[in-house]
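Asks: Heads up: the sequence lines are chains Z and C, in that order.
Residue numbers for the first sequence follow this note's numbering, beginning at 1 and rising by one.
Residue numbers for the second sequence follow this note's numbering, beginning at 118 and rising by one.
Honestly, the hints are just simulated from the structure, not real lab data.
Just to be clear, a hint being listed does not mean it is correct.
Here are the computed lysine-lysine pairs in the DSS-like style, where the Cα-Cα straight-line distance is at most 30 Å [to be verified]:
| hint | chain 1 | residue 1 | chain 2 | residue 2 |
| --- | --- | --- | --- | --- |
| 1 | Z | K57 | C | K194 |
| 2 | Z | K57 | C | K177 |
| 3 | Z | K78 | C | K194 |
| 4 | C | K194 | C | K222 |
| 5 | Z | K57 | Z | K78 |
| 6 | Z | K57 | Z | K83 |
| 7 | C | K177 | Z | K42 |
| 8 | C | K222 | C | K177 |
| 9 | C | K185 | Z | K42 |
| 10 | C | K169 | Z | K42 |
| 11 | C | K169 | C | K194 |
| 12 | C | K185 | Z | K78 |
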Amino acid sequence: EPEVTQTPSHQVTQMGQEVILRCVPISNHLYFYWYRQILGQKVEFLVSFYNNEISEKSEIFDDQFSVERPDGSNFTLKIRSTKLEDSAMYFCASSSTQGALNTGELFFGEGSRLTVL
Amino acid sequence: GNSVTQMEGPVTLSEEAFLTINCTYTATGYPSLFWYVQYPGEGLQLLLKATKADDKGSNKGFEATYRKETTSFHLEKGSVQVSDSAVYFCALKENSGYSTLTFGKGTMLLVSP
């Protein structure tokens, strides 16, 4: 069964360092997402991506965040200068449709846990 | 704005016990409602959904009914199994535009033999 895969599963970094989280969405999906969950808090939407551009982003997704689809398979989230409060589980997801056509079924990866020291 | 509130976990049950995980929501329109589940070591996956008031979503013995009057979507199962141990997330999505899923915090369920 097709699945979304994420790497690394856990990354520890120093404050101020750049981090890249990688995701391989399901191959025939066209819409990609990043969510995050700070420990003990809600799963929060960060950004959605379609046709090589951001289609929607939340207030959390400020200038220190960026997303890219560098080739036909990977979808990355970059945090330029990490802060302590960026420590969270980051989930990548993909879907075959978006918006009003989307039934709401997103396919998620296992998550990448980021710890900023 | 939209929000989802779930009961705090962990919920600890013995096998074959009845399960209820409460979920209430706040939305500006008439959203679709979802339950996602995350088994250990896996990603979140859709468990069930309901797209309008009074709809009942069901899957794998789990059920949830969309209650507009109480803005609730409580998850129930008549007889839980050890394999149901997971984290359960309630979520909503507006039925217009390019809106995304709004999740609750998740509720961990632990079922013992």
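Asks: Look at each hint and say if it fits the structure.
Replies: Evaluated hints:
no.	hint	result
1	Z:K57 with C:K194	violated (35 Å)
2	Z:K57 with C:K177	violated (34 Å)
3	Z:K78 with C:K194	violated (40 Å)
4	C:K194 with C:K222	holds (20 Å)
5	Z:K57 with Z:K78	holds (14 Å)
6	Z:K57 with Z:K83	holds (19 Å)
7	C:K177 with Z:K42	holds (25 Å)
8	C:K222 with C:K177	holds (22 Å)
9	C:K185 with Z:K42	holds (22 Å)
10	C:K169 with Z:K42	holds (24 Å)
11	C:K169 with C:K194	holds (21 Å)
12	C:K185 with Z:K78	violated (40 Å)
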